[in-house]
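Asks: Read off the chains here:
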Amino acid sequence: MNLDDYRGVWIFIEQNDGKIEGVSLELLGAGRKLADKLQVPLSGFLLGSEIKSLANQVITYGADQVYMVDHPVLKNYRTESYMKGVMLLAEKYKPEIILYGATPNGKDLASAVATDLNTGLTADTTMLDVDVDNRLLEASRPAFGGNIMATILCKKHRPQMATVRPKVMKALEPDTARLGKIIEEKISLKEEDMRTKVLRIVNDVTKKANLADAHVIVCGGKGMGDLQNFQLIHELADTIGASVGGTRDVVEAGWLPHEQQVGQTGETVTPKIYFAIGLSGAIQHVVGMKNSEFIIAINKDPNAPIFDVATYGIVGDAMEIIPKLIEQFKQLRTEKGGEISYA
Amino acid sequence: MHIVVCVKQVPDTKIIKINPKTNTLDRRSAPAILNPYDAHAVQEAVKIKEKTGGTISVLSMGPPQATAVIKKSIEIGADLGYLISDRAFAGADTLATSYALSKALERISKDLPVDMVICGKHAIDGDTGQVGPGIARRMDIPPITNVIEVSEVNQQEKTVLIKRKLTSGYELIQSELPCLLTVEKEINDIEYSPMPNMIKAARYEPIIWAVSDLENVERTQLGLKGSPTIVGKMFTPPRPEGGIRLEGSADEQVSKLMEVLMEKKDLLTIQSSK
Ligand SMILES: Cc1cc2nc3c(=O)[nH]c(=O)nc-3n(C[C@H](O)[C@H](O)[C@H](O)COP(=O)(O)OP(=O)(O)OC[C@H]3O[C@@H](n4cnc5c(N)ncnc54)[C@H](O)[C@@H]3O)c2cc1C
Ligand SMILES: Cc1cc2nc3c(=O)[nH]c(=O)nc-3n(C[C@H](O)[C@H](O)[C@H](O)COP(=O)(O)OP(=O)(O)OC[C@H]3O[C@@H](n4cnc5c(N)ncnc54)[C@H](O)[C@@H]3O)c2cc1C
Chain A
19 MNLDDYRGVW IFIEQNDGKI EGVSLELLGA GRKLADKLQV PLSGFLLGSE IKSLANQVIT
79 YGADQVYMVD HPVLKNYRTE SYMKGVMLLA EKYKPEIILY GATPNGKDLA SAVATDLNTG
139 LTADTTMLDV DVDNRLLEAS RPAFGGNIMA TILCKKHRPQ MATVRPKVMK ALEPDTARLG
199 KIIEEKISLK EEDMRTKVLR IVNDVTKKAN LADAHVIVCG GKGMGDLQNF QLIHELADTI
259 GASVGGTRDV VEAGWLPHEQ QVGQTGETVT PKIYFAIGLS GAIQHVVGMK NSEFIIAINK
319 DPNAPIFDVA TYGIVGDAME IIPKLIEQFK QLRTEKGGEI SYA
Chain B
143 MHIVVCVKQV PDTKIIKINP KTNTLDRRSA PAILNPYDAH AVQEAVKIKE KTGGTISVLS
203 MGPPQATAVI KKSIEIGADL GYLISDRAFA GADTLATSYA LSKALERISK DLPVDMVICG
263 KHAIDGDTGQ VGPGIARRMD IPPITNVIEV SEVNQQEKTV LIKRKLTSGY ELIQSELPCL
323 LTVEKEINDI EYSPMPNMIK AARYEPIIWA VSDLENVERT QLGLKGSPTI VGKMFTPPRP
383 EGGIRLEGSA DEQVSKLMEV LMEKKDLLTI QSSK
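In order, the protein sequence lines correspond to chains A and B. If you're matching positions, the first sequence starts at 19 in the working numbering and goes up one per residue. If you're matching positions, the second sequence starts at 143 in the working numbering and goes up one per residue.
Don't read these hints as lab results, they were simulated from the structure. A couple of the hints might just be wrong.
Within a straight-line C-alpha distance of at most 27 Å, the following computed BS3-like cross-link-like pairs (lysine-lysine) qualify [unchecked claim]: (1) Lys93(A) <-> Lys300(B); (2) Lys37(A) <-> Lys51(A); (3) Lys240(A) <-> Lys327(B).
On a predicted model such as this, the values are computed, not experimentally measured, just so you know.
Looking at chain B on its own, in the form it has when it is part of the complex (with noise of 0.2 Å):
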């Protein structure tokens, strides 16, 4: 069993603060860390390594400083960190971005036939979930995504039955391998790192492959000019009007309040316990 796990560098938005007047990022303000969709679909794998054997193997596209997220990967449990970074990919859109990951993933199934690549749900900047169904779609294998249970791997028949959360509930899907799957936070717990993989991090030196280590690439599907969608403007969005301010005292507000509420039958009515 080889799994391909795509890992994202992302700035912690949990610490990014903006600055209110000028409304923009305060980027000193936010370290760099490894998507936490992606870090549970690392620790996905290697919950389904302990079941199967295999190889996990890490890829990330970005710049050099990405590594690591992907020593980060390693110190999880992973096997093998790629990284591809190249100016070339810089300003890709999603389609951009499958496109170059696919092509990764093309050049490391040479080595080692892939069996299941795993995203995460989303990265918690770009925020658009579209990169995990794009590289399946790419690869040609089924995407299953917003994954909540990997429950069974049958490598003789080479299937995986796998819970899918909906907008109400779930569904069980039986898929055939290769697939990709992009996951959902609550598949699993971030285990702590045995001391031996925490010291394999650390001397980790990932693979690190630019454009031309890449084969049959199209140059204009890359970064920017392999982008149709591009970002119009930034603008705060217009203000609305706000409401009436309640004014007073804490219980001359609150009374007004109850009082506005009262005159409002329809939204909140007292009904009688007879």
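So here's chain A without its partners, still in its complex pose (with noise of 0.2 Å):
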């Protein structure tokens, strides 16, 4: 393998029932910086069925070009037709880094595009560069155990691939007057050749959803206490219309369904306004809530490592402090009349 034969960088733009997932548009704004370091172009791959109208969204997040593959067997997601279509394309292009989001679909997708491309595929980044010197990808991810991360590089083998996770990532601003090239491949495909089948796409949008899109979310950690005392978290999430996140220990004790965790292994929010309670700040945790807007700590340790990441810090005594904070919330409700909200 000649690895200078490949070059540019590579977007997975990931699409349901016709809509660009968020994490695809996050990923051209660090794909941008990607390949403007490495002087090379920033491509968009689309796949689907019918999707023409999405490639001048992906070339106004950023891409210089974008690579369509439209067919009717691509309709839904299927791991056989997918990758089928990516590897046409990864063949006959060489771009020299591809990166994924890493939802279900494009986690399940990257890894079987890695297992024929014969390379290398890092799962879950959280942090993106590249060494200008030897064009190598720089992708980090939290490491087992613990406040470190690993940097995971692939220097043999082409193309460089990497999962991202959602949120993590920031989104250029869209500009409508930035222009691009299409460029249509086609494939063949048979429905009859395939051998599984979506019956159904079912939508239900459970709590889960409602922690990623709430705009004030209140999360309590392990130093709580117990089940009692976790009640003070949502006593204060009702007070102030928040929605009731918990670290991996919350979650483990039971104090919490597993749709409500935060961090690596759950959710990742990024709310307006993150309370973070009695929690210690590890880095799993906090690639799941660390692009919050406004991040308040309470911890009674002040050297929590949550405060490194938190805009305001009171070091105190959780249970000490949340029944004052819900007594002066609810003053201000009475005084002003009204419901507390979110703009």
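Given two chains presented individually in distinct reference frames, assemble the corresponding complex, making use of the accompanying hints.
Replies: Laid out in structure tokens, this is it:
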């Protein structure tokens, strides 16, 4: 394999039902920086059925070109059909880097493609960079056990691939004046050849989605002590109309269902306000909430790592602070005679 | 119906502690356990077998001590256990791991053709979730990831109905057999092991294979050599500046915070209910 045959940064543009996933737009933002550093074009690639109208959006979010494979068999995501499309593009155009959102479909696709291309794939990346001298992608991910990041490299195989967690990279402001090239690729696929069929897709917007979309989250940690004290978290959330989140330790203690876990193995959230109460701020938690706009930490340990990401920190006992906060909010509500809500 | 479940031995990350000063793992504190997702994978195989009959085999790659997770799987209800263990496997990334496991699967299916492979959604240590789809590609069978329900197994038609979890909701998939599933924890509850299983597990001797017991193996695809990815460096993430500490008594801190929140009108607004 001649590594120099491979050029360009590519982003998998995941669409479901004709709508582009947020993480794909975020990756265009992150990919733009990598492509500029490497002085190569940034391309989005898009698979689906009747998706032509989406190509322009990919360009407004930062791509120089869009590769498209449009075929009825690609209507719903399936590993077999989608990977055929990606293999076709990757083998023909030989990009040096391909990034995918770490969504169920993105991870599934990337894992299958990596196997067939016989190349490396870094999972659930939260930091991306390139070494311009040797053109190596530096994809970093929280490493097992603690507050450590591991940078994974793929030196001798191309393309270099990574899946990237949603909501950790920033999308660019869309620029409708941007121009780009749209390249359509033909593929021959037959429904009869497919070994799987998607019979039905059921969207259920459960609590999980609530947490991901919440404007305000009150998140409690193991430091709340027990289930009974944890009710203070619910009470504060109720008072201000917020959603409740918890750390993994809280979920494992059975104080909250898994849908409400924030972090690497739970939800990634970006609310306007995030209360982090009685939680230490382990890296696996922090990767899931650090892009919140305004973070308020309450912890009795002045050295807790959560204070490093907090906008405002209170060193103190949660059992004492929370009731006071609830009281203040309630008072405010009576004074102003209304409900508390968020812009 | 022959189901093979891939099971991995992992350190219990719930118990593992890190030394905050040196940023290293205190491995002594972490006992080795069956990857929790794989326990659910074995349990699901048991549930399927209750309806279809057949055989459940488990397969693991790891050091000799990994026989412990095979015994644990027998306890849950597996019939046979295979461990592939060889220095040549060491240092494998997900590509090399799926290669080695698929070679073992090849040998297993010579004795008894495989109808379904089940893996966990991910291993709690490496945490990539990439090995399952990798095995499926190598065996050229469809991978179905993030499975939350096996709704139906039709042995005549050789098909399965599967619920697969999506970002918001789920999809119902029909797949031909053989196929490979990776399962979420919510797929089932681990049941108490019946006494006969416990007794069988205690006495069970897993079948152990080295590389030389597998056929058509390209050694360059194994272990460290066969791994395109390497861990470049480990580092503590740059410490963010951190924000402002509110000072004073509890009451003072709370009222200062309220002031800040009130100033941030774009964040928090009080709407009149009228
Ligand atoms: C592979 C892997 C994945 C993981 N994924 C996640 C994940 O998705 N999400 C997640 O959250 N974690 C995850 N973890 C676990 C993570 O490493 C931490 O163990 C966990 O976040 C700690 O939870 P905690 O902060 O609630 O508890 P602790 O770390 O025990 O912290 C409790 C905190 O409460 C404070 N405290 C105690 N009493 C009080 C009081 N009265 N008032 C105020 N403060 C008090 C203490 O000072 C301490 O800082 C993962 C770990 C691994 C290895
Ligand atoms: C800090 C760190 C980061 C890493 N990052 C990457 C990375 O980004 N990309 C990469 O390719 N490799 C990576 N690795 C290597 C990876 O952990 C190993 O390849 C590991 O053997 C398999 O990956 P996993 O633990 O992620 O398994 P997963 O893919 O998460 O496991 C999924 C399922 O596959 C089955 N399975 C996995 N391993 C075995 C086994 N040994 N025996 C039987 N069944 C098994 C189980 O059913 C399991 O539930 C990393 C390792 C470390 C220490």
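Asks: Next, verify each hint and record whether it holds.
Replies: Results for each hint:
With a C-alpha separation of about 25 Å, the suggested pairing of lysine 93(A) with lysine 300(B) holds against the 27 Å cut-off. For the suggested pair lysine 37(A) and lysine 51(A), the alpha carbons sit about 24 Å apart, so the restraint of at most 27 Å is met. Taken as a hint, the lysine 240(A) and lysine 327(B) pair is honoured in the structure, with Cα atoms around 22 Å apart against an allowance of 27 Å.
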